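So the protein sequences, as listed, match chains G and Z. Here the working numbering is used: position 106 in the first sequence is 106, and no number is missing along the way. Here the working numbering is used: position 30 in the second sequence is 1030, and no number is missing along the way.
Just so you know, these hints were derived from the structure itself, not from any lab.
Partial list, computed: chain Z residues near chain G (C-beta under 7 Å):
1. Asp1118
2. Thr1119
3. Cys1122
So the derived label-pair ranges between C-beta atoms look like this:
4. Z:His1165 <-> G:Ala252: 25 to 31 Å
5. G:Ile310 <-> Z:Pro1013: 37 to 43 Å
6. Z:Leu1030 <-> G:Ala155: 34 to 40 Å
7. G:Ala228 <-> Z:Ala1180: 55 to 61 Å
8. Z:Leu1105 <-> G:Leu181: 51 to 57 Å
9. G:Leu306 <-> Z:Ala1161: 22 to 28 Å
10. G:Leu180 <-> Z:Gln1169: 57 to 63 Å
This one's a predicted model, so the numbers in the text were calculated from it and none came from an experiment. Each residue gets a CB set at the ideal place from its N, CA and C atoms; glycine is no exception.
Below are the chains, spelled out letter by letter.
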Amino acid sequence: MLGFIFRRVLQSIPLLIGVSIIGFALMHLAPGGPLAVYTLNPTITNQDIERIRIVLGLDQPIHIQYIKWATGMFTGNWGYTFFGGRPVLWVILERMPATFLLMGSALSLAMMIGCSVGVLGAVRRYSVFDMLATSGAMVALSFPTFWFGLMAIYAFAIKLGWLPSGGMYELGEEDNIIDLLRHLVLPVMVLSLVIMAVWSRYARSAFLEVMHQDYMRTAKAKGLRAPARLWRHAFPNALKPLIALLGIELPALFSGALVTETIFGWPGMGRLFVDALNMKEYPSLMGMIMFTALFVIVGNLVADVLIAIIDPRVRL
Amino acid sequence: MRAGVWTRFTRHPLAVFGFATVAILCLAALFAPFIAPHDPLLLDTSRRFVAPLARDGFLLGTDELGRDTLSRLLYGGRISLTVGLVAMFTTVITGATIGLLAGYLGGLIDTLLMRFVDTMLCFPQIFLLLVIAAFVPPSLISIALIIGLTSWMEVSRIVRAEILHLKEQDFVLAARALGASRWRIMFQELLPNIAAPLLVAATLRVASAVLAESYISYLGYGVQPPLASWGNMLTNAQGYFDTVPWLAILPGAMITLTVMGFNFLGDGLRDALDPRLRMDN
Chain G
1 MLGFIFRRVL
11 QSIPLLIGVS
21 IIGFALMHLA
31 PGGPLAVYTL
41 NPTITNQDIE
51 RIRIVLGLDQ
61 PIHIQYIKWA
71 TGMFTGNWGY
81 TFFGGRPVLW
91 VILERMPATF
101 LLMGSALSLA
111 MMIGCSVGVL
121 GAVRRYSVFD
131 MLATSGAMVA
141 LSFPTFWFGL
151 MAIYAFAIKL
161 GWLPSGGMYE
171 LGEEDNIIDL
181 LRHLVLPVMV
191 LSLVIMAVWS
201 RYARSAFLEV
211 MHQDYMRTAK
221 AKGLRAPARL
231 WRHAFPNALK
241 PLIALLGIEL
251 PALFSGALVT
261 ETIFGWPGMG
271 RLFVDALNMK
281 EYPSLMGMIM
291 FTALFVIVGN
301 LVADVLIAII
311 DPRVRL
Chain Z
1001 MRAGVWTRFT
1011 RHPLAVFGFA
1021 TVAILCLAAL
1031 FAPFIAPHDP
1041 LLLDTSRRFV
1051 APLARDGFLL
1061 GTDELGRDTL
1071 SRLLYGGRIS
1081 LTVGLVAMFT
1091 TVITGATIGL
1101 LAGYLGGLID
1111 TLLMRFVDTM
1121 LCFPQIFLLL
1131 VIAAFVPPSL
1141 ISIALIIGLT
1151 SWMEVSRIVR
1161 AEILHLKEQD
1171 FVLAARALGA
1181 SRWRIMFQEL
1191 LPNIAAPLLV
1201 AATLRVASAV
1211 LAESYISYLG
1221 YGVQPPLASW
1231 GNMLTNAQGY
1241 FDTVPWLAIL
1251 PGAMITLTVM
1261 GFNFLGDGLR
1271 DALDPRLRMD
1281 N
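Isolated chain G, as found in the complex:
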């Protein structure tokens, strides 16, 4: 097992290098490069910019700059925000809990409902339920998240007045769990809709794949009841592609969270990203792009290790 983990970690290294090269290239492709924000400021003279260029090491050859930047990335030195001069990594970590709360809740809900719908659809293939669920999932996949969010705000916050339309807390209620949960309902509903659709489709096809295997026929032949066949035999085998999906869908989850946070004014990383974009805060933007990419790499690594735990054959 340790050997497998070690090999899998080694395989992530080219990905890390690739991600850092693309991140670095993006920063330098920006008009004006990393100095763009200073050139817009009229109080800063050309001499100042020259000095900043030397201080930041931007006069050095490109490969030296890359190595310096990449070392900074891996040692936690992610640069400073243009406005306020705070360390980028801190700013991101500050916003992380809100985003992870939203993503985690939405993902758990989507997995539970999506998997149940998918499994039921696979067991009762071509039933009315199955037809409705598969076409419903396709419709859900076609919803623009922001539109669905606006509709949800209109229905539940404006018309019915049941839930708050945005934010994370009411003023002065920062420690109130009930208040937080009330604010969480709509964003989670909106973010989980699309993920739920993806999960139900994958769960359905994963179970259909498994249910036609020989060991399922054997289990039936030796007289096992349907629930036992489903949970003891089909489920562990169908779990593998679903765990892999967890890693694969991570980037889409971040994308969805960005849009959801923007609609609901949820103070997470996505919101920070859009704000940073409007202010041309390149260090924060690059920081967040790198953060999400690194998180995705680690997420896929964890998913692969989990699969190896479930299925010893993978470890070989």
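Please arrange chain Z on chain G, whose structure you already have, making use of the hints.
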């Protein structure tokens, strides 16, 4: 064979629905100047916020500047579909080329290209889209290219998998024995053989490109006003949302309908063209 494909396609009611929706939307966008009852950019503050069906000549009402919503939806559809199609072609050309090269040439080239694909897949698409869209001066073509260049990875994986399977077949060996060059084999022998999966992927790609365009336009980095796009119409409508909800409902419904149409069409094509690829076997 052709008849078989058509029969299988029409047996699928949702696929036919998708096809009809896409056809109607494309025709409406193509003939927008003839169908649109008004100039989509014409302002008239004397008729702001007319409700749908409330006044003759303004079937779907008007927006905050008195512009005719139906006309704006039609012209917005032109933009969304143009971006969707151009992005799809970019995706398919890039993805197919990379998939072909990786699959057929193999070895180091394959490893490098596929690691590049893996790397690109680590980034959440909207993050990349927004950052690049903020750098590049927005235009229809630049938006379409950005969307296309950040979403070709899946296509290249599909193409590579098909090529790995196809290149072992006799017709490739025969072509090689006849002295055909690598390029000839790749683009004239192999490429036509992956037309079916490529067509399916292309259709589904239009759906996600239309969706991507609406996201970046909604966030303000896509199609710029006064030009109408379904995404930026929604951004505008958001300000008057509690009093005039239809302004937000309509463009969103159009996006959903378009994306749904292409998704159902793509799914139907997959079932009809290649029963092997069905999600449920």
